[in-house]
Structures are given as structure tokens and as C-alpha cells.
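For this one, chain A is given, so just place chain B on it according to the hints.
Protein chains: 2
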Amino acid sequence: MNTDSKLEQLSRRNFFKKTAQYSVGAIAAASVLSPVTMRADDPAIMEEKEWGTTLGDPVTKNKYGMPSVYEHNNTRRITKLLSSGNWQASIAMCPIHEQEGIITPNGLFFSRSHGGTAQIDPNEHRLMIHGLVEKPIVLTMDELKRYPSVTRIHFIECPANGGPEWRGPQFNSIQFAKGMMSCAQWTGVYVKTILEDLGLKPEALWMLAEGADNSHMGRTIPVDKVLDDAMIVWAQNGEALRPEQGYPIRILLPGWEGNLCVKWLNRLEFSAEPFYAKEETSKYTGLLPSGKAIQHFYPLEVNSIITSPCPEKPWTDLKKGDLVEIRGLAWSGQGTITGVDISFDGGKNFVEASLTGLVLPKSWTNFSYMYRYEGKPLLLQSRSRDDSGNVQPTIDQETAVVGVEHVYHRNSICTWEVTAKGEVNNVHIRS
Amino acid sequence: MNTDSKLEQLSRRNFFKKTAQYSVGAIAAASVLSPVTMRADDPAIMEEKEWGTTLGDPVTKNKYGMPSVYEHNNTRRITKLLSSGNWQASIAMCPIHEQEGIITPNGLFFSRSHGGTAQIDPNEHRLMIHGLVEKPIVLTMDELKRYPSVTRIHFIECPANGGPEWRGPQFNSIQFAKGMMSCAQWTGVYVKTILEDLGLKPEALWMLAEGADNSHMGRTIPVDKVLDDAMIVWAQNGEALRPEQGYPIRILLPGWEGNLCVKWLNRLEFSAEPFYAKEETSKYTGLLPSGKAIQHFYPLEVNSIITSPCPEKPWTDLKKGDLVEIRGLAWSGQGTITGVDISFDGGKNFVEASLTGLVLPKSWTNFSYMYRYEGKPLLLQSRSRDDSGNVQPTIDQETAVVGVEHVYHRNSICTWEVTAKGEVNNVHIRS
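In the order they appear, the protein sequences are chains A and B.
Note that the first sequence covers residues -18 to 412 in the numbering used here.
Note that the second sequence covers residues -18 to 412 in the numbering used here.
In case anyone wonders, no lab produced these hints; they're calculated from the structure.
Not one of these hints is a red herring.
Since the list can't tell identical chains apart, any single copy or any two copies may satisfy a pair.
Straight-line distance between alpha carbons at most 20 Å, and here's what the computed DMTMM-like set of lysine to aspartate or glutamate pairs gives:
| hint | residue 1 | residue 2 |
| --- | --- | --- |
| 1 | Lys294 | Asp123 |
| 2 | Lys206 | Glu184 |
| 3 | Lys42 | Glu52 |
| 4 | Lys300 | Glu355 |
| 5 | Lys173 | Glu250 |
| 6 | Lys357 | Asp298 |
| 7 | Lys173 | Asp205 |
| 8 | Lys357 | Asp326 |
| 9 | Lys402 | Asp326 |
| 10 | Lys30 | Glu191 |
| 11 | Lys300 | Asp22 |
| 12 | Lys300 | Glu124 |
| 13 | Lys329 | Glu355 |
| 14 | Lys44 | Glu293 |
Pulled out of the complex, with its shape left as it was, chain A reads as follows (with noise of 0.2 Å):
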């Protein structure tokens, strides 16, 4: 057994030795990353604040916490154009020009519902496995959990994503042209941790996933999927599921369609056909411009977005001269994120970001570019790829291919407009 390491710090004559070994000694001022014009004189620094001088809240304000005041603006947010006329069968949008990372927190995590957000009591609850398994099965929660469980980071996106927008833009902003979509910690069981206990039979080939809430959302997911990454999960972010996104449990087929996810989860069934059911027949299905429209279309693709700047954060209070973080989310439904370029021109010419943080496959990626700011107009891209060979679309290239009525699976380049002020402005860029 060793204790040395505890040892060792205990020694402060030690601990003096290895501070002087290692240390890094001088470092020249460079000013290279200089954001603003050095100040040593803000008077701000001197000023007695009310928070330096009183005690705080205390620890037992709050049993669950919740952000700062000052974080008020921080939401989800709706709209009337994507609401089916009642804010049941409506969808949240995510705040991802403030997202940091690729951890959404719950409280901001994107929320489309068919028919509101059911409250189960999870004692209630019950998961029924049936079809074309051996042993059919009825869980509880409780018996769910027993299972050995896994636990993933992986985004979840609305296929509409960004789908008002393929005629043109619809919102100057980024959270309502693009904020579909939210990035969370999972945890729970594979199916296929699962189906090795009731056994699957050999024509089994589909499974539908349906809805305990009014909606009754069913799903058809393929077999193969299910058998690869299918998750049931229980908790998001090291806690239960929030009401908004299933609890008490959820199906999460990693880089698919959002709508596949089925929440409020108590029904599989594995069959031979697809089930074609209500959504995947009225909804989630792409006219094409010969007027057939496609069914079936599952994974979603390549994608990216510039969060910093975009139309709610734009560089109106940056100087001439000013390096700035240029920031942004790319991911991948098929894959693991390779690259992002990006372009300040409308896409003639390219630079390479840096991924920074975790590079995890379908998930979000974070990446960063550091820009000296010039005060000129610019037209700002992100390009990303990924392991599978993908390489984000321009618009012209997707529409070529599926035309403008498709609504769902848009991932074609987005360009912000930074004007000579710096304002930013959602804008399409057509060669």
C-alpha cells in the first residue's frame, strides 16, 4: 500500500523542494493576447461594494439552487410561428449563444412536447417490452435501474432544426434560427443490455418506442440502431430526468432525429414492419422537389454554428485591434467531429479552428478561432466534418439535392453578417 505521496506533502520541507525544482520562473510580457487596452486605473477596483461589507445568504436558502439574478435573460424561448396553435404542441428553444462547453444545463435544455409535458409519478410507471422477444416484460423503475448502466455525453436536435429557414432567414438570432437542440450528460441501460435477457427474434426488425403522455408519441426505430447505441435513460446531468424531457425515462438513439427520442417512455415493441405511425406519417417525413416525399431518414448530419459572435452577441464594444475569441458548437449525428474551418469572406477562403475540450462522437464539439478585430465588414462561416467523410453542405449544394420543402434535416453552412460597427445579422449566402 502506498501512503508515500501523503507523506511527501506532509513534509513541507519536501513540498519547498519541489516547488523550487519544477518552477517555472520569469515569464516576459508579451501582450500578444492583449483583449483590451491594458488598464491598471479602472476606479471600479476601489469602490465599496454592499456584497464586501455584509454577510451573504445563507447556506439554507436554497436546497435546490438557482442561477444569479443577473443571469435573468438566460432562458429557453418561444414563438407563435413554430406553435401548432397551442403551447402544448409547441417547442422551447435553447439559449445556445450562451452555452459554454457542451454540457447544456437542464433548466435551459431545448423542450418540443405534442401534447405538454406529462408529470408521471415514477412509482406509477411502468416499461412493458413485447413483440417478437422471447420473454415478454413489464419493469418498474426500480427494476429498470438494477441493470448495469452507462453513461454518455451525446446531443439531442430536432430534425427541424434551422427548418424555417431553407427559403431564407427567418430570425435574426441565433436561438430561434438554430437553438433545437441542447448537449447532456446521459444515464441509463443499452436495449441491447436488455434484449440479451428476454431474447429478440430472429425476424424482429423494428421497434416502436411510445409515449406514456396524452400524445402517445410512437416512433419506429430499426433494429440495427437499437442493437448499436439505443439508451434508455433515467437521468440527464447526474440527476433524474426533467419533466420536459421524459421522466421518469426516455429513448435516446444517439445522433438521430430528437423525435425518435420518445419521451415518457412505456412501450417497445420489436416487429418484422415499420409501424408507420401517426408522426412518422403527418410529420417527420421530406418532400422532395419531384413531389414524393421520403421516409425513413434517420441519422442527422454533419453541422456547425458560430455562437460568439452571432445576432445576440455581437462585437458592437470591440476596438480596432482587439483579439476576440470567435466561438462555436459543431456535431455530427454519424460520427465524431474532425475539423472546422472558417470563413470570413461568405466561403471563398478558409482558415482552420481549433477543436478545444472533449471531441466525443455525437456529441457537441467545441471549437475556437482567435481573430484580431479590424472593424471591417465581414461575412462569417463555420465549415465542420467528421470520421464518417461527411463535410458540411453550402446551401446551394443542399437544396440542389433536396429542394425547399423538406423542413427537416437542414445542415447547410449559416453566415453571419458582421457589419463595420459589428453588429451581426443572420443572412444566406447563395453562390
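Just chain B, lined up with the frame of chain A:
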């Protein structure tokens, strides 16, 4: 530009061809994992529920979402035993028995303060960096955020975690015995990045970090750690820091004592000597059996705890023969977890658990062991090790080195007594 993948997905014929090609086919029922006696006749699955027949809550209900009302018991908790006479100088413990994965939701992150939670207006807040730097500076929050950002997952642990239990068990509860820690995704800027701008004088060996709250918590940090991985963080799990975590900024010293990670940060001063601030002399020193007290011991040791079962999550509902997952958390401030062993007999014999999910340096790491419940009494332990060669010690090994007056840095192996009925108790095993 490769858009083949999109074209291929859009071709229904190709999709089905691919499905047939990769289909895994039948799975024989193995029933080795079955957590319970199989039943498919649970009448609860047939019951009509109100949430299945009536519209749920509109998406407009919560602009910032909250947990399900059925999760009301998953909260931070406090005890007078760990309060210094008022709830401002106190600690609220994290419900780690409910923890899933490695991200603690911000509402449940443990909270320790010395003068209450300051509610700071970020527009009025400043960060001064001065002392032995070539160019002192005062930064606004906007200016700070223009530096290149970095996002990392790290735990923060109060060095007093488990400290009340040096002489024996105090709490029959994992939340109170071990809940002074949490883990999150942090976004901010490395201090070394800013120092590349400001320049660091060769005689600078220490850095004071001081808070803007009324306690003006100050801690001295060796410059080697500062230049290694110290971060000034403004975001936690994708949104702004919570007030309890130091909104708008705190310093993060990955793997080092939580109290060094000064919250409501507004001053960094570089110097040739340690500052011996109030909380470095009255507190956060270690009393040895010799009567001497040691200072300057910062990195937290390799550690682990079984979170399921635990006193709050007993096995009283299990039947003999049920398979159940033993889950837990391992962490080290000195590197990356390389393995965790499980003992059922109080440390006489060990078997190796699996590390699951992401295994990252100075982060919580999940471990798992599938166990067939026998209804026998157990003395359940976990013992972790890290890539610096450290192994978690027994109580006897630890007290032989530092005695029982130490309060801080307790990392000896914990034991859960599992009774024949499946109840779980916090006990201490001495050889």
C-alpha cells in the same frame, strides 16, 4: 464537398439494403442479467393514468426548468454540527447517493461559504491582477471573457470531507459523511494565458487569490500550480457560475483543496513569500500527533466511495438471486483513476470493478460491479488507485501517518455494513 451521405440516407432503397446487410439478427434469451423474477402480467401497465388522457403543461410554463415534483427529496442538506454558529459560515452537502455519471447538476453542487453567498452584479465586478507582474491590470468580466477559453471536467472537494469521522462514524448517511464534493464541467481561462500577456517576474513564487465577498477569503497558491492548470472560471455546466459557486468568477485549482478555489474572485497578487492569510492559519492546517501543525498541503489524495448501496440506498427491496449493480465514485487530485477494487469482507479479499464512462484526470470516475445478491451480511468497501502510483489506504494506515486530530484530507477506505435484511450502515473497520 461530400454530400454522398445525405444522398444515401435520402434513398429509401439504400437505407433498407444497409439495414439488411448489418442486421445482427436473433438474440437467444440468456436471463443472466435479469434483475428480478420475470413478469409480464403487472396489472399497472393496463391502468389508465391521468397523464395519458389529458394535456400536460405548456412549454411556456418554465423558461428555466426545474426537477419533477417527485424528486423533491433530491436536495442539498445541512447540519448544525457542521455550522460555525450561523448558516452563513456553513456548508450544504451534495446528495451524492442520487448522483448519476460524473456531472453534478448546478442546483445540487455542494456549497461552502465563510460569510454567506454574495450576490454580485457582474457589471460592477472587477478582477485586479498585480504584485510581481510586469504589467498590473484591472479587468471587467467582458474583457476577461475575450481571452482564449478552456473547458474541463473536474471535481471540487472540501478538504474537510469526511473530516468529522477521524475518530469513528458520525453520520449513518453518505450525504453527510462524504457529500462535501461535486464534479462539473468548468469553462474559463488558464491563468498562465493571462500571464503571457502581463509578464511574471522571476521572484514571483506565490499567488494570493482573494474574494470580493464580506469574508474576503484569501488563499496562497504556489506559482507552479498556477502555471500548470489554474483556471479563472465563469461557467459551470454550460451556464454562468451559480452565486454559491462564486458568480461571476472563481479560481479553480484542479485536484487541490476546494477552499483554495476562491469564490467571488476579485484579486490575484503575485509575491515572493506566502501570504499566510486568515484562513491559512486559523483553518486548513493539519495537527499532527507530535503537536506540530503542518501548512501547505494542497493536492487531494486518491479516494473512492460506493454510492449504491449506501445508507440512503439500501438493498432492503432485493430478493435472493437478484442481480444488482454496485456503483460508486473514485477520484484523485493527483492524476487519473486507474482502477477500483471491491471487497465484500471488510478488506480481506478484493475483486476488480469496471471503470465506466469517461475516465479523466482530476475528475470523478464511475465504477461498477455486477453482484448477485445473496441476503448475507457484508462489509462492503471500495479501494481506488491512480496513475501517480497512489493506492487508497486503510484507516489504520492513514492514522499511523497523521493521527486523528488532522480534520483535513481524510481519504481512507470507507466501509458499508450490509445486514442480512439489506440495510446499510456506515462503520469503521480497524485491523
